[in-house]
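*Asks:* Here the protein sequences come in this chain order: Z and C. Here the first sequence stands for residues 1 to 563, where the numbers follow our numbering. Here the second sequence stands for residues 1 to 283, where the numbers follow our numbering.
Source of the hints: derived by calculation from the structure; they are not laboratory data. Just so it is clear, CB atoms sit at the ideal spot from N, CA and C, and this is done for glycine as well. Take the hints with a grain of salt, since some may be wrong.
As the list claims (entries may be wrong) - Simulated restraints, written as ranges between beta carbons of each label pair:
{"#": "1", "chain 1": "Z", "residue 1": "44", "chain 2": "C", "residue 2": "175", "range": "56 to 66 Å"}
{"#": "2", "chain 1": "C", "residue 1": "147", "chain 2": "Z", "residue 2": "499", "range": "55 to 65 Å"}
{"#": "3", "chain 1": "Z", "residue 1": "32", "chain 2": "C", "residue 2": "263", "range": "52 to 62 Å"}
{"#": "4", "chain 1": "Z", "residue 1": "445", "chain 2": "C", "residue 2": "144", "range": "54 to 64 Å"}
{"#": "5", "chain 1": "C", "residue 1": "256", "chain 2": "Z", "residue 2": "368", "range": "23 to 33 Å"}
{"#": "6", "chain 1": "C", "residue 1": "273", "chain 2": "Z", "residue 2": "378", "range": "26 to 36 Å"}
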Amino acid sequence: MPQDIQILIGGEAGQGLVTIGQLLSRALVRSGREVFTSQSYHSRIRGGHNTFALRVGDSFAAARDSIDILVALNAETVELHRGQLTDRALLIADATLTPEMPGAIPVPFADLGPEKLWNTAALALLGRILGMPEGSLHQAVEALFGRKHPESLEENRAIMEKSREWAKAHLPEHDFTLADQPAANGNLLLTGNEAIALGALAGGLKFCAFYPMTPATSVVQELITHADTMGCVIEQAEDEIAAINMALGASFAGAPAMVATSGGGFALMVEGVSLAAMTETPVLIVVGQRPGPATGMPTRTEQADLELVLHAGHGEFSRAIFTPGSIEECFELTVRALDLAERSQSPVFLLTDQFLADCSRAVAPFDLSTITPVSPGADTNSVDTPYRRYRLTADGLSPRLLPGFSEHLVVADSDEHDEEGHLSEDYDLRRAMVEKRLGKLELLQQEATAPTLEGDKEAELLLVCWGSSLGPVQEAAASLRDQGRRVATLHFSQVWPLLPDQFMDILQAADETVCIEGNATGQFARLIRRETGFVADHRINRYDGLPFTANYILEQLKNQAVA
Amino acid sequence: MPTIEDYGTFETAWCPGCGNFGILNALKKALVNCDLAPHQVLLVSGIGQAAKTPHYLRANVFNGLHGRSLPAAIGARLANPELTVIAESGDGCMYGEGGNHFLAALRRNLDLTILAHDNRVYGLTKGQTSPTSQQGMVTKTQPHGAFAPPFNPVAVAVTMGASFVARGYAGKLEHLTGLIAEAIKHRGTALVDILQPCVSFNRINTYQWYQQHCYELSAEHDPTDRDQALRVALEFGERIPLGVIYQTQKPLFEEQFATLEKGPLARQEVSREGLKNIMQQYA
Numbered sequence: 001m002p003q004d005i006q007i008l009i010g011g012e013a014g015q016g017l018v019t020i021g022q023l024l025s026r027a028l029v030r031s032g033r034e035v036f037t038s039q040s041y042h043s044r045i046r047g048g049h050n051t052f053a054l055r056v057g058d059s060f061a062a063a064r065d066s067i068d069i070l071v072a073l074n075a076e077t078v079e080l081h082r083g084q085l086t087d088r089a090l091l092i093a094d095a096t097l098t099p100e101m102p103g104a105i106p107v108p109f110a111d112l113g114p115e116k117l118w119n120t121a122a123l124a125l126l127g128r129i130l131g132m133p134e135g136s137l138h139q140a141v142e143a144l145f146g147r148k149h150p151e152s153l154e155e156n157r158a159i160m161e162k163s164r165e166w167a168k169a170h171l172p173e174h175d176f177t178l179a180d181q182p183a184a185n186g187n188l189l190l191t192g193n194e195a196i197a198l199g200a201l202a203g204g205l206k207f208c209a210f211y212p213m214t215p216a217t218s219v220v221q222e223l224i225t226h227a228d229t230m231g232c233v234i235e236q237a238e239d240e241i242a243a244i245n246m247a248l249g250a251s252f253a254g255a256p257a258m259v260a261t262s263g264g265g266f267a268l269m270v271e272g273v274s275l276a277a278m279t280e281t282p283v284l285i286v287v288g289q290r291p292g293p294a295t296g297m298p299t300r301t302e303q304a305d306l307e308l309v310l311h312a313g314h315g316e317f318s319r320a321i322f323t324p325g326s327i328e329e330c331f332e333l334t335v336r337a338l339d340l341a342e343r344s345q346s347p348v349f350l351l352t353d354q355f356l357a358d359c360s361r362a363v364a365p366f367d368l369s370t371i372t373p374v375s376p377g378a379d380t381n382s383v384d385t386p387y388r389r390y391r392l393t394a395d396g397l398s399p400r401l402l403p404g405f406s407e408h409l410v411v412a413d414s415d416e417h418d419e420e421g422h423l424s425e426d427y428d429l430r431r432a433m434v435e436k437r438l439g440k441l442e443l444l445q446q447e448a449t450a451p452t453l454e455g456d457k458e459a460e461l462l463l464v465c466w467g468s469s470l471g472p473v474q475e476a477a478a479s480l481r482d483q484g485r486r487v488a489t490l491h492f493s494q495v496w497p498l499l500p501d502q503f504m505d506i507l508q509a510a511d512e513t514v515c516i517e518g519n520a521t522g523q524f525a526r527l528i529r530r531e532t533g534f535v536a537d538h539r540i541n542r543y544d545g546l547p548f549t550a551n552y553i554l555e556q557l558k559n560q561a562v563a
Numbered sequence: 001m002p003t004i005e006d007y008g009t010f011e012t013a014w015c016p017g018c019g020n021f022g023i024l025n026a027l028k029k030a031l032v033n034c035d036l037a038p039h040q041v042l043l044v045s046g047i048g049q050a051a052k053t054p055h056y057l058r059a060n061v062f063n064g065l066h067g068r069s070l071p072a073a074i075g076a077r078l079a080n081p082e083l084t085v086i087a088e089s090g091d092g093c094m095y096g097e098g099g100n101h102f103l104a105a106l107r108r109n110l111d112l113t114i115l116a117h118d119n120r121v122y123g124l125t126k127g128q129t130s131p132t133s134q135q136g137m138v139t140k141t142q143p144h145g146a147f148a149p150p151f152n153p154v155a156v157a158v159t160m161g162a163s164f165v166a167r168g169y170a171g172k173l174e175h176l177t178g179l180i181a182e183a184i185k186h187r188g189t190a191l192v193d194i195l196q197p198c199v200s201f202n203r204i205n206t207y208q209w210y211q212q213h214c215y216e217l218s219a220e221h222d223p224t225d226r227d228q229a230l231r232v233a234l235e236f237g238e239r240i241p242l243g244v245i246y247q248t249q250k251p252l253f254e255e256q257f258a259t260l261e262k263g264p265l266a267r268q269e270v271s272r273e274g275l276k277n278i279m280q281q282y283a
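With the sequences and hints as input, model every part of the structure.
*Replies:* In structure tokens, the structure reads:
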């Protein structure tokens with residue numbers, strides 16, 4: 001059995017638990033290890049109960065519900081998570097908070113250093129427990145404080161030294177020392193949102209407008225960090241309506257453009273989606289879902305905006321919706337979505353959620369040599385004179401020139417328009433233009449990603465999922481296979497357009513199917529039924545604001561007498 | 001040298017006698033005066049009778065959504081700083097539906113021109129009050145008269161620190177042509193609020209009414225004096241001043257983006273080397 005260690009660091013916002021969680025993760029990844037991290041936080045800057053979860057040992061893509069090492073920076077963390085501790089668990093807490101229990105490590109933090117550095121002390125203890133080389137954590141701490149706060153570096157070093165000394169004498173027996181030392185492999189530690197930002201930059205993004213909204217803001221934050229290096233213009237708009245209209249103006253003028261938001265902000269952008277379709281202006285729309293309706297639970301996760309994104313925008317037009325299931329797919333599908341938006345001259349969506357946005361994993365560096373960034377607009381010499389922006393063509397695609405790059409005039413209109421782009425109320429023309437816009441579906445269908453089957457096609461149990469639930473679903477399937485069950489998973493990293501030919505045989509070949517999604521009403525199960533008539537035998541839905549875990553899925557399967 | 005013929009003539013959907021005809025003519029003349037060829041110009045509009053103007057001359061056009069001409073114009077300008085960008089719409093579009101964008105655009109100060117056709121009524125939807133309608137104006141949807149006092153775009157623009165604020169009148173072609181040309185040449189966001197009669201739905205603010213109330217600012221008005229400009233801007237009733245009310249030089253919004261010094265974003269290559277270095281920051 002590979003090692004599987006679940007660590008949870010809990011405390012109030014402002015206690016520095018994310019800082020040490022990230023330092024530890026980065027140090028582990030630098031030494032060639034696999035990690036999976038996820039965060040849970042309240043919508044506040046100070047106080048509340050926040051956690052940083054880190055799973056290490058094998059290649060995981062989800063957190064585990066049970067905890068092996070609990071670092072409690074306050075009393076509440078002990079209370080809330082004590083019930084999740086495994087039999088072999090360790091509990092690191094201040095001596096005044098530590099309950100009497102096996103594995104409890106009462107740490108005299110006050111003796112080790114000032115309270116503001118207790119998180120660093122805990123970090124040193126974790127490093128010692130995991131058996132990490134002393135240098136690796138030092139390097140990570142140095143990288144964090146060295147540049148910005150050299151004065152902090154010294155005191156952090158001092159408390160780490162003291163904590164390690166204390167640990168030598170006081171740590172109990174445990175089995176969490178990481179076995180075998182892997183070689184450094186150059187892997188990156190990326191969150192879903194960081195991977196989206198990198199994918200956008202690699203794909204040729206030049207413009208992004210946004211209005212801050214959790215959990216999408218960090219995509220734009222990453223873009224801004226690299227905007228000067230990559231020659232991108234990023235603008236914080238006065239509202240989401242402005243954001244999407246700016247993106248469309250920029251895209252019309254030749255900058256590959258995107259917006260990033262969450263459900264409520266996207267609701268404001270919806271008329272702009274329709275405008276993108278009518279003016280045939282490429283745009284990438286990233287929607288990071290969180291629980292709704294309205295403000296909902298701003299810092300939690302859900303997959304309940306599938307139907308919103310699928311139907312957003314009045315009138316009829318084509319679109320594509322990508323739903324990455326992993327950090328790698330966040331990168332790859334963002335590159336593809338930008339490219340497809342340009343080629344189809346349509347709005348293209350990337351639909352993620354808070355869980356995927358904020359979780360991180362070690363991933364191999366992306367091969368940039370295989371990526372061709374978007375080249376906006378058509379060749380000026382390729383068009384007839386007088387130029388007609390919406391020339392009727394067999395495939396619905398008309399050469400898109402950019403305004404100001406030649407003497408050809410580019411006219412775009414949100415009204416129904418003629419081939420030149422001027423508004424028209426001619427009925428025959430109207431029909432032709434509707435068909436032109438819908439005709440682009442053919443390209444989107446040709447480019448549609450087939451769902452990924454893992455396991456036997458003729459499985460006794462097929463777990464169907466989309467987007468971020470991939471990791472926990474695969475882990476649940478692996479666990480059932482370990483028990484001798486013939487279980488397969490079918491993951492959709494694109495939910496529209498749906499091509500039944502790509503998956504109907506798989507659905508039909510399984511003895512039983514379960515559709516697993518993070519919403520209450522089974523939106524994807526319903527979409528499959530609408531498009532194919534196929535009804536999944538069972539549904540597992542989660543809508544309490546928390547992400548799926550393998551354990552949650554296994555329990556639900558048991559409750560529904562499926563497994 | 002571009003000529004007025006380069007900008008073409010088109011059949012319009014406007015009522016005979018509409019103030020839009022005067023504004024369209026002034027715009028074409030101003031573009032020629034500024035030595036701009038049609039392909040160098042991007043007209044961005046929203047929805048309304050005024051917002052149809054870009055279809056009635058030869059230029060690049062982005063005719064977007066109601067109220068959203070400014071964000072689209074800003075996006076286009078940030079993607080291609082070589083374009084002369086003009087946002088053109090009516091009072092309902094610019095000051096009502098797009099009010100938030102109007103405020104934000106004035107604060108940003110990109111190099112763009114805002115032409116607001118201000119007929120103080122909704123024409124396309126047949127005669128409801130607009131944000132600039134005269135107090136007490138009775139319409140089918142406001143049978144007891146407009147309750148709120150009119151929005152004063154010029155005074156708002158002066159207080160928001162806009163760098164060029166002018167008021168024109170559709171019935172004074174040459175004067176208006178001069179204002180639009182100055183606005184286009186101004187380095188920064190330039191607002192020209194253009195009073196215009198609506199012969200179908202505004203029976204109060206007619207050609208005669210404007211002739212009686214409007215006057216041209218004399219040479220004594222110093223548009224660089226903000227206090228004086230604000231006093232002039234607040235004068236709107238018995239007498240309505242026309243002309244450049246306020247003008248100043250401020251840093252351009254575009255200047256904060258070094259990459260725009262290299263020209264349009266569409267011409268800039270993606271740096272693979274830069275990307276590689278960025279990726280390594282996550283190792």
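*Asks:* Does each hint hold? Answer for all of them.
*Replies:* Hint by hint, here is what the structure shows:
Range check, residue 44 of chain Z to residue 175 of chain C: Cβ separation about 57 Å, and the 56 to 66 Å hint holds. At roughly 56 Å, the beta carbons of residue 147 of chain C and residue 499 of chain Z sit within the given window of 55 to 65 Å. Checked against the given bound of 52 to 62 Å, the beta carbons of residue 32 of chain Z and residue 263 of chain C, roughly 44 Å apart, lie outside it. The hint said 54 to 64 Å for the Cβ distance between residue 445 of chain Z and residue 144 of chain C, and at roughly 56 Å that hint holds.
A C-beta distance of roughly 28 Å is found between residue 256 of chain C and residue 368 of chain Z, which places it inside the suggested range of 23 to 33 Å. Our hint of 26 to 36 Å for residue 273 of chain C and residue 378 of chain Z holds, since their Cβ atoms are close to 28 Å apart.
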